[in-house]
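From first to last, the protein sequence lines are chains Y and B.
Each residue of the first sequence is one higher than the last, beginning at 74 in this note's numbering.
Each residue of the second sequence is one higher than the last, beginning at -12 in this note's numbering.
Think of the hints as simulated: they come from the structure by calculation, not from any bench.
Relax, there's no trap hidden among the hints.
Straight-line distance between alpha carbons at most 27 Å, and here's what the computed BS3-like set of lysine-lysine pairs gives:
(1) Y:85 with B:97
(2) B:61 with Y:439
(3) Y:85 with B:115
(4) B:61 with Y:85
(5) Y:439 with Y:85
(6) B:97 with B:61
(7) Y:180 with Y:85
(8) B:193 with B:1
(9) B:61 with Y:180
(10) Y:180 with Y:439
(11) B:1 with B:54
(12) Y:439 with B:54
(13) Y:439 with B:1
(14) B:115 with Y:180
(15) B:115 with B:97
Given next are the chains, with one letter for each unit.
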Amino acid sequence: MALDRLLNVARKEFSDHITSRRFVIILGLLLVISAIGMHSGIGNYNNMLESYNQQLQHMQEVDVDGPYAGWMPEKPSIMLIFNAMMSYMTTLGAVLAIAIGFDLVSKEKETRSLKSLLSHPVYRDEIINGKALGGIAALGFAMVLALAISLAMLLLFSIVPTLEEFAAILIFGAVSLGFLLAYFAIALTMSTVSRESGNALIYTLVIFFTVSTLLPVLGAMAGDALAGDRPEPPQSAPMPTPVGRTVTGTASGGYFTTSVSKAVVHGGEVEVDPEWQQYEEDVKAYTEKRMLINDVSNLLSPQMNYFKAAMAVTNPRIAVMMNSPYSSPPMSQETPGLAEALGKVWMNIAALIVFPSAFFAAAYVKFMRMDIR
Amino acid sequence: MIRTENLTKVYNGKTAVDGLDLTVGEGEIFGFLGPNGAGKSTTILMLTGMIEPTGGRCLVDGIEVAKDPLAVKKIIGYLPEDVGFYGNLTGEQNLDYFARFYGMDARERKERIAELLELVHLDGVTQKAGEYSRGMKQRLGLAQALINDPRVLFLDEPTANLDPEGVREYRELVERLAGEGKTIFVSSHILSEVREVCRTVGLLAKGRLVAQGTLEEVARALASPDGDAVRIVVETREHLPDIEDPEIIAVERNGNRAVIRATTDIRDRLAASLFEQGMHVREMRVEEPDIEDVFMAVYRR
Chain Y
74 MALDRLLNVA
84 RKEFSDHITS
94 RRFVIILGLL
104 LVISAIGMHS
114 GIGNYNNMLE
124 SYNQQLQHMQ
134 EVDVDGPYAG
144 WMPEKPSIML
154 IFNAMMSYMT
164 TLGAVLAIAI
174 GFDLVSKEKE
184 TRSLKSLLSH
194 PVYRDEIING
204 KALGGIAALG
214 FAMVLALAIS
224 LAMLLLFSIV
234 PTLEEFAAIL
244 IFGAVSLGFL
254 LAYFAIALTM
264 STVSRESGNA
274 LIYTLVIFFT
284 VSTLLPVLGA
294 MAGDALAGDR
304 PEPPQSAPMP
314 TPVGRTVTGT
324 ASGGYFTTSV
334 SKAVVHGGEV
344 EVDPEWQQYE
354 EDVKAYTEKR
364 MLINDVSNLL
374 SPQMNYFKAA
384 MAVTNPRIAV
394 MMNSPYSSPP
404 MSQETPGLAE
414 ALGKVWMNIA
424 ALIVFPSAFF
434 AAAYVKFMRM
444 DIR
Chain B
-12 MIRTENLTKV
-2 YNGKTAVDGL
8 DLTVGEGEIF
18 GFLGPNGAGK
28 STTILMLTGM
38 IEPTGGRCLV
48 DGIEVAKDPL
58 AVKKIIGYLP
68 EDVGFYGNLT
78 GEQNLDYFAR
88 FYGMDARERK
98 ERIAELLELV
108 HLDGVTQKAG
118 EYSRGMKQRL
128 GLAQALINDP
138 RVLFLDEPTA
148 NLDPEGVREY
158 RELVERLAGE
168 GKTIFVSSHI
178 LSEVREVCRT
188 VGLLAKGRLV
198 AQGTLEEVAR
208 ALASPDGDAV
218 RIVVETREHL
228 PDIEDPEIIA
238 VERNGNRAVI
248 RATTDIRDRL
258 AASLFEQGMH
268 VREMRVEEPD
278 IEDVFMAVYR
288 R
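Put together the whole structure using the sequences plus the hints.
See the structure below:
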């Protein structure tokens, strides 16, 4: 495969995308809505920051022996602002990715330009790879634009990201691009399989709704069905207190937590009720089993993978808690680092890479074998 | 310049091209005739390296197409039937995109494209190819087939969408290109079109080559069950005597008129014999089969 021929195809495809009305309209809409979301997110962030500063001030005034003596408010992260962008990315971003991919090959078949193209010295793999590369570049361009606007807005509101936050923004962009590529790859594959662009779009939308909506529901149903019945609390024992960790968010982003095992107090001595302890273990096993089934089925959903991976970047504490509610130390500890949070969602990140790769491979094989009569 | 050896293509169990053996010499204008569905376009797709044969092989300028399609594509030009372009680009931009695959630099591309657009009368046309008429697309198709100044040109139904003026210009262009030494392979189901420009033809029916040669040779071969038999019409003033010649296959007599089928043209010997016998010859000619009728008969098979 010669790079110059591949790049010739990619350059033309990229140019076609970024100058197409369809791309410009959807990207414009995505950017405008994201900017509005960012604006509102910045407002919330400023409120949290204000609350944080007030709490800090308050902490200096409280009694050193008081109940809040060991508690420190948590400084809000600017990554929380990107939560808004996450939700738009899963809808409009997916639409953008589908819009640029669903007729990439089928349109060439319809207009017969593919035959003209193939009559020139270029291999088929260079064409399909060039098309994929051009699409990826266009989506990358859209992502860079979205992040640039976000950064510009942050700076406009005098919010300067730290180096770590800047790295997190870049990782958020990479994860978002991975999500967009998943739907672009599906659309490209359907475009290669279908003779007509209309059919390619319909097939893509069917897959989109299946993996984004139906699959998580089916996963939850499968989890319910396969995990069995939820354990019943012991009847003989006294009224239980909530089992599991309770997390309470504060306005500033700080958290209070309570520990899991609840002791039953008899005559001043702390004694663990074995029935309740057993119940607690059963619930834990039940929940973990359900989560496992759910997580496995959700690996096929780019939305869910993106949600988890992006959440690990924008809100590592929640991400860690969501992924392992029983295994981590009490939540009163420091916020987990970005690396730790990403480590917890490595399977989702891997799925975000494997999913588009599988569809790109399918598009490649089909294109190479395509009948061009 | 073009050679196929037992070239075969099977699609889903159906044979589209069946053991085709064909040879086209350098500088020839070769007409590839046959009814729709005979396998002409499939043959061209194999010759241009766009599909691989199921069996046999084809060579262009000594290069086996299936083994090195890119090398072949560099020396050929191809105008597909119902040619298509990128509707969002102008004719010039379409040609520029294709020209880049030949490693031409910017200046070279610009000059070549300007030259070709002028040749096909599309210079100064600024509209996008998506707004072109079919005739304009066909002309742009011819320009894209010539972008690399090819040595061999494959034209599939080249006049299908052209108006009479366009057809005339196309014929002149083909003659000119042939004059430059290019080999031109014209595929068509329209006999009159091939007749106008081609020096040799091959007739394809149901994926098989029925005949190859000049139009007259092909027509004669197809018209006579004896292959190359010559039909000589003779008429004398007197009653025709018995005619004997080792080359004669059969004689159909009708008074002072006869139609003689012979393996070769024996008119000289025949005239001498009749003269010796004191006959007055009113007419003696080789009867050419009606090409249209012969081809139509093959098309209907």
